[in-house]
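Visitor: Chains as they are written, first to last, in my numbering: chain R, 4 to 465; chain P, 28 to 587.
The reader is advised that the hints may include incorrect statements.
[To be verified] FRET-style restraints, in silico, Cβ to Cβ: (1) R:Ala350 - P:Asn233: 17 to 23 Å; (2) P:Asp398 - R:Lys268: 55 to 61 Å; (3) P:Glu464 - R:Asp358: 54 to 60 Å; (4) P:Lys231 - R:Asn351: 41 to 47 Å.
[Unchecked claim] Calculated pairs, DSS-like style, for lysine-lysine (alpha carbon to alpha carbon, straight line, at most 27 Å): (5) P:Lys494 - R:Lys120; (6) R:Lys299 - R:Lys404; (7) P:Lys568 - R:Lys389; (8) P:Lys494 - P:Lys513; (9) R:Lys369 - P:Lys181; (10) P:Lys568 - P:Lys497; (11) R:Lys404 - R:Lys390; (12) P:Lys118 - P:Lys466; (13) R:Lys390 - P:Lys494; (14) P:Lys177 - R:Lys389; (15) R:Lys390 - P:Lys177; (16) P:Lys510 - P:Lys568.
[Claimed, not checked] Simulated coverage check for chain R against chain P, where a stretch passes if three residues somewhere in it have a Cβ under 8 Å from a Cβ of chain P: (17) 129 to 141; (18) 373 to 385.
Just so you know, these hints were derived from the structure itself, not from any lab.
Heads up, the beta-carbon is just placed ideally off N, CA and C, and yes, glycines get one too.
Single-letter residue listing:
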Amino acid sequence: MKAQLLLQGQCAHTTARHFWRKQLSTRRCSTSARCSAIREAQISLHRRECSAGDILEQHLHRLESTEPMYHSFLSTNTTAARAQAQAVDQQIAMEGTDGLGVLAGIPIAVKDNICTKGLPTTAGSKILQGYRPPFNATAVARLKAAGAVIVGKTNMDAFGMGSSSEYSDYQSAIMLGTAGGSIRQPASFCGVVGLKPTYGRISRYGLIAYGSSLDCIGPLTSSVEDAAIMLTVMAGQDSHDATSSATAVPDYAAALQPLHSLSSKPLAGKRIGVIAEMMQGGTAPGVATAVTNSIKHLESLGADIAEVSLPELHLALPAYYVLAVSEASSNLARYDGVRYGLRHPAANLRSMYNDTRQEGFGEEMKRRILMGTYALSAGYYDAYYKKAQQVRTLVQQALNKALEQHDLLLSPVAPTTAFKIGEKTEDPLAMYKEDLMTVHLNLAGKLIHRLHAQCTANDRTG
Amino acid sequence: MTSAILTGTPNILCVSTRTAAVASYTRTLSRLRNTFGTSCSLTRARSLRETALIRCTSTAAVAPPQASEHQPRQANKFEAVIGIETHVQLKTHTKAFCNCKSLYGDEPNTHVCPVCLGHPGTLPVLSKEVVRQAVLAGLALQCQIAPQSKFDRKQYFYPDLPKGYQISQYDVPLCTAGHLEVQVGKQTKTFGITRAHLEEDAGKLNHSGSDQLSGSAYSLVDYNRAGQALLEIVSEPDMRSGQDAAAYGAELRRIMVFLGVSDGEMSEGSMRCDVNVSVRPLGQQQLGTKVEVKNMNSFSAMQKAIDFEIERQVTLIEAGSGEEVVQETRLWDEGKQATQSMRKKEGLADYRYFPEPDLPPLEVSTSYLQDVQASMPQLPAEFRRQYRELGLPAADVLVLADELPTAQYFDDVLAAGAPAKPAANWIMGDIMAFCKESKIDMSKLQLTAPQLAEMVSLIEDGTISGKIAKQILPDLLQGKGSKGVKKFVDQKGLIQVSDPAQIEAIIDTVLAANQKQLKQYRAGKTKLQGHFVGQVMKESKGRVNPALMNKILMQKLNAK
Chain R
4 MKAQLLLQGQ CAHTTARHFW RKQLSTRRCS TSARCSAIRE AQISLHRREC
54 SAGDILEQHL HRLESTEPMY HSFLSTNTTA ARAQAQAVDQ QIAMEGTDGL
104 GVLAGIPIAV KDNICTKGLP TTAGSKILQG YRPPFNATAV ARLKAAGAVI
154 VGKTNMDAFG MGSSSEYSDY QSAIMLGTAG GSIRQPASFC GVVGLKPTYG
204 RISRYGLIAY GSSLDCIGPL TSSVEDAAIM LTVMAGQDSH DATSSATAVP
254 DYAAALQPLH SLSSKPLAGK RIGVIAEMMQ GGTAPGVATA VTNSIKHLES
304 LGADIAEVSL PELHLALPAY YVLAVSEASS NLARYDGVRY GLRHPAANLR
354 SMYNDTRQEG FGEEMKRRIL MGTYALSAGY YDAYYKKAQQ VRTLVQQALN
404 KALEQHDLLL SPVAPTTAFK IGEKTEDPLA MYKEDLMTVH LNLAGKLIHR
454 LHAQCTANDR TG
Chain P
28 MTSAILTGTP NILCVSTRTA AVASYTRTLS RLRNTFGTSC SLTRARSLRE
78 TALIRCTSTA AVAPPQASEH QPRQANKFEA VIGIETHVQL KTHTKAFCNC
128 KSLYGDEPNT HVCPVCLGHP GTLPVLSKEV VRQAVLAGLA LQCQIAPQSK
178 FDRKQYFYPD LPKGYQISQY DVPLCTAGHL EVQVGKQTKT FGITRAHLEE
228 DAGKLNHSGS DQLSGSAYSL VDYNRAGQAL LEIVSEPDMR SGQDAAAYGA
278 ELRRIMVFLG VSDGEMSEGS MRCDVNVSVR PLGQQQLGTK VEVKNMNSFS
328 AMQKAIDFEI ERQVTLIEAG SGEEVVQETR LWDEGKQATQ SMRKKEGLAD
378 YRYFPEPDLP PLEVSTSYLQ DVQASMPQLP AEFRRQYREL GLPAADVLVL
428 ADELPTAQYF DDVLAAGAPA KPAANWIMGD IMAFCKESKI DMSKLQLTAP
478 QLAEMVSLIE DGTISGKIAK QILPDLLQGK GSKGVKKFVD QKGLIQVSDP
528 AQIEAIIDTV LAANQKQLKQ YRAGKTKLQG HFVGQVMKES KGRVNPALMN
578 KILMQKLNAK
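Extracted from the complex, chain R is given alone in its bound form:
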């Protein structure tokens, strides 16, 4: 479809997209919808058509061929991954496939701002050079408990601050870790499924903090079903995270209905609100067209589409930035060279602090730390931080009210289509604007599911 082609054309350096596209082309099912890679793997293992080792080798092979061009991995874990796959195969040999975890043998890449025990975890920043966490993030621990095989850590903007991975200190693109739109934007630019759950649904323990009240872990997958499976595995209250939600975790994947069982108008009775403010102004024509086409598609599936006006949302971006940089400036204070990571030796304490942080933080990070420190400083706290929190409440209230009248709200993920590397780095503000369409939902803690414009059935919003 047109929208898809447009996205294809603009997307020159998308790593995950290429990776997943290739995978999809070899795995297309008879129905034209996206297949669950996890389900396929589960079936293959159960039928003994392949082993966990085979699945892993296939992924590692593809990784080796794409890595030289895309540099999407900061570190790979091949030896340990092979051992993990072997363990799964041994379990199958001894006990069969019945007791296997739901993610047994599934190779997973973890974004480098999520702690993986013993594996280098740098959050894409020089200041954590050489750091190997002594613990696993809860989300990672749960994935491993379900049998997943951790393949490696993926590249990212330092501490997740950008939309494009261009601000990574380890210059040179999958699961997890967003404060702004870093699940949804890559997904959007690369044509895969990105799910940012409601804040608190998945424990933040082990997610290197940037904006504590905004940070979320979520899956990037090739299908909705896979995202649902992963969410079920990772979600749930965690005693290590006091902000994690106590709400019970349903089996999200089980709630998904297979396409063939749906009627011709599966969305009949569903009320969908299209956020008017997100369709105005600086939205690129390509995006607008894609959304319009999606709306038409949803209508054809029986949904009631209406426009919803949320004027508070134009304040969301500045409020988000004040809050995010303020919290970030505080969360980044611990990187001082004393206990772990980079240390620049110096003659006295002050110099050590200064030199370490000067060397360890990139331009964008410094910019944000300075802004955050300023916003929290005496005399400015009320005007910036406190005000931003009040705006946040307004945004939350507006969204909640809209969700009383609609089952879900629709908007594009980014004002532009995927941009090329280097296109936006000259103007920091332009990069910030890329977050325009995602941040209000982060502020409100809402669940968002980013779908390819070629919609499949069963969106879910909270």
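Chain R is already provided as a structure; the job is to place chain P on it using the hints.
Guide: Below, chain P without anything else, positioned relative to chain R:
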């Protein structure tokens, strides 16, 4: 030679206060000691003579106070306004926000984890026991407990602060508006408590070379203490003297120990006090400039520091030569017995407080408060009230109710049936002395409370005399009375002789053997009574009932 050395050293000292003079003589003394070595004996008088160079040059010099050292000089003109901030380390098993054990004195960095070390990705989780102990303390101080309070980040950089911020409570603390009744001398005073809030402690720095970071070749950080729960208690500025402050501090400490929420060991740092001192002319409403004083390791140090600081400030103000009191932080120097200015601050620190996003608001329900209140152990004030009702004198009451082990021991002794005053005397005297010398807790005594009660009752019914009791006490303290004190006394053959006939016989023997002294006594040398008493005691191996013995002896002596 002495004077040569003395004139060589610059010791024209300006002293305007008695305390400063004492301080300066101490310094001179130590200088002299260093010069001569310890072989030379230097008496205070001698060194004062030799250092006649001490001159009073200050224009503000006033005569040393006529009254006792404790009477504040400013009683005439100035009033001191003192507030105290106390940090109490809560006696919980674990730290405030992680599962590490909170223990004192172990190998450095053995009670740490990624959370309290501030590793990336870690999050704080508030301990329930910490909340319980804080609420207990707040209720004991008659505070209002906030149904909802929140945590904030207090941000600054220092190597002992792992996260670069301290989790504390800023504008919505857990406890507010309490008070404390304290005995100061003969008066009962009430001091207000502004607030009490929860926060976490920092690690500990050990400097090599100097006592500060700058000036040391290197410094080592021990994070065992980082993340330990602290309750910061801030008093209203209600104290007016060092004595007030020390009494407040002592009672606060006592309450925390009786509650079981703190060890109260100022030397170990489980309780730390900082004071704010300002002075203003009597009658003035407006407060003077506040000076913070830190580094006092005991309540007596606190009292001395405050008194010193009051003097210093009054002097500055009275001098009026433009040297006004500067708002600053000063450290109490135990060696110099003076407050010293820290490096001058460049303005107030901006801690950039903002609400801690990793912790939800702390909610305390009414039923929870009721439960905690119901579980409250008996407080010192209640112990004192009970002891007063027993008819014990005020001084005794204070001693017995001062420390929890003592009060509990005394209660146990009473419960075993002993009369109050005798029991009190034994405890306050020999027992406490023994505990102090052997450095053991009264709760760990081998002479159990029932045994002591038995001993006292044996005295009361005349089975043994007080003297015998004193004799056998060391054995009892070693646990020899474990089968019963009476049995022990029996074994030792120490049962008191109370039969008048027997006593008479002994006395007669003594009198017969001491005819000369008897004649002298009857002639008027009544002092010799003591001699006879001693002889009777010797003869009877100390076993006679003294009261009876004296009665019969006097009869016999004064007969004829």
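Visitor: Which of the stated hints cannot be reconciled with the structure, identified by number in ascending sequence?
Guide: 4, 5, 7, 13
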